[in-house]
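There are 2 protein chains.
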Amino acid sequence: MATMQDVAQHAGVSIATVSFVLNGTKAVSEPTKRRVESAMAELGYRRNPAGSALARGRTDIIALLYPALQRQLHATATRFFTSAAERAQERGFSLVMWPAANEAQEIDALTKSGLIDGVLLMEVQLEDERVEALRRGTTPFALIGRTQDPTGLPFVDIDFEQTVISGLEELVARGHTSIAFIYDHSGPTTLHAYGAIARASRTFRDTIAQSGLSGVTVDCRENPRAGREVGETFRERYPDVTAVLIMNELASPGFMTGLRQAGTQVPEDLAVLSLVSSDTVASMSDPELAFMRAPAEELGRLGTDAVIDRITAPDSPLPNTLVPCEMVNGNSLPRLTEQA
Amino acid sequence: MATMQDVAQHAGVSIATVSFVLNGTKAVSEPTKRRVESAMAELGYRRNPAGSALARGRTDIIALLYPALQRQLHATATRFFTSAAERAQERGFSLVMWPAANEAQEIDALTKSGLIDGVLLMEVQLEDERVEALRRGTTPFALIGRTQDPTGLPFVDIDFEQTVISGLEELVARGHTSIAFIYDHSGPTTLHAYGAIARASRTFRDTIAQSGLSGVTVDCRENPRAGREVGETFRERYPDVTAVLIMNELASPGFMTGLRQAGTQVPEDLAVLSLVSSDTVASMSDPELAFMRAPAEELGRLGTDAVIDRITAPDSPLPNTLVPCEMVNGNSLPRLTEQA
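Here the protein sequences come in this chain order: A and B. Taken in order, the first sequence gives residues 1 to 340; the numbers are from the UniProt record's numbering. Taken in order, the second sequence gives residues 1 to 340; the numbers are from the UniProt record's numbering.
What the hints contain is simulated information worked out from the structure, not anything from laboratory work. The reader is advised that the hints may include incorrect statements.
[Said to hold, decoys possible] Here are the computed lysine-lysine pairs in the DSS-like style, where the Cα-Cα straight-line distance is at most 25 Å:
#1 Lys33(B) - Lys112(A)
#2 Lys33(B) - Lys33(A)
#3 Lys33(A) - Lys112(B)
Just so you know, these numbers come straight off a predicted model, no measurement behind them.
Chain A extracted, bound-state conformation (with noise of 0.2 Å):
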């Protein structure tokens, strides 16, 4: 490969002239431009990041951390990355997904390189050494979820606790009072054991508590099968629940087959409401389930501008955002204003 010298040789210049060309950190007269110019298109000289990124002492790139190598991508995962990429591409940066172990030894050695300018976190846990490990270093970073204790941290996070509310609230107004929550309770023992778990369950608990109502929580694993088998029995182990708030988009189209076969009408004998799903998953199902969308797109643009702002604006103020899910009808719950 051509160096930065051979350039220089070739076109009878300084090796700092061939700098100030690449970089623009200098004016040149028009023709020696054109003669480092022709010089590097005949050596096929290919600019190296080094240089350029040397001189501007920035890449541009921001790394989307995603623990991929431990957990395949969900759908909603996917949506953050496309959104959050087009939001950087807006505003002058990349944004790559950086597959990582869930280390925080992995993430000392990617900002230390220098290669990238910020860093998104994505699936933290409630306590996340790569969160301090973030904390520590110089490298600007926010998150997408956040930890126990989020004071001091820039965040952007789905407000599971108000998505449960507003969930319990939905089967409510519909006259339910014996409610049931599926959710995979494996979560606290491995990498699922974000806080999406913890704090959506304990919002159940609490709520159903303080309102008076009957609740149950069900455990269920993230597969299709695994919400089948949960659905063929369903009403045989919960005959007195009525209605379902199920936060396992993986599991929920099994979920809603098993009760099928086992002869459960939904939604007349059984009301069932989807937590943080998508279009997509939530129409694969039949009945089509009804489902409180998970803010994807909006969480991947704001999580992008958080680290954007870290970069560009040190001294501006930390965003902590939280953002609820929408709520989606479909047919696996009546319409309020067909019941009126």
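We have chain A; now place chain B onto it with these hints.
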């Protein structure tokens, strides 16, 4: 931010010495090394990407280019990413997913930035200006997919031709002679026009013609509702068809729902085999779909190997590997042994 010069002044050494310590390019005495390192620590000096990359002439980063800005990520695409990232890590590289518009210009800008050492291109179209841009440049690359004429290009791809032939053989072995092929016909005018659709549909037509079977192709957009609409009217529109190949993963669960709602029994009235699909989506359907599994993990690994080989051994033979899909039984197709 502290510069190398700040570190040099603080440690009382030359910039060259700081560079030697940073890059290990020349032996430096232990006391001097310690003085430089403590100066870096005190000043919070951040190792510049550029310095390191310049010294080594490499960043060890491979970009998996995916047109995320125009297309939602598929479950299968994310499986490519996960396995490709793992394989890169095993070989000492970092693979990042780089969202890219579908334009040659963007490829040029990325490869000229020098920030990446190699490119893995996905969703390759039959005529693809991005491939031409990569061919013109000097950055090592490989394709997951292939153009109309991939001669002289390093690629790995699904063997769509063999997959369709195997799928037809499965149906013929069960006595079917009137077969429909469902896929998204809008492909050729959009970004979806990667070779997959073109190759699979041509193979279907050719094989039907050569074998004296009766065949029809059916259009269906890539979403669950479109699948349900096609399913609801399928028997009415195609009363003679007894078996279906569907190459449209997102529509397939909806197609099954539509059939059921129209009273079409699967597999008794209609046998269904899903091509190029995944365990997750197949098990979301009712009944669970028999399918030919996309070799996503294998292609991710092979594609990564291909591009790393181009980087580390540019004279090695160009890979041109085709991997067929693997048959997975499901309840939408009777097992052959059950028929005997």
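**OP:** Check each numbered hint against the structure and report the violated ones by number, ascending.
**Re:** Going through the list in order, the structure violates hint 2 alone and respects the others.
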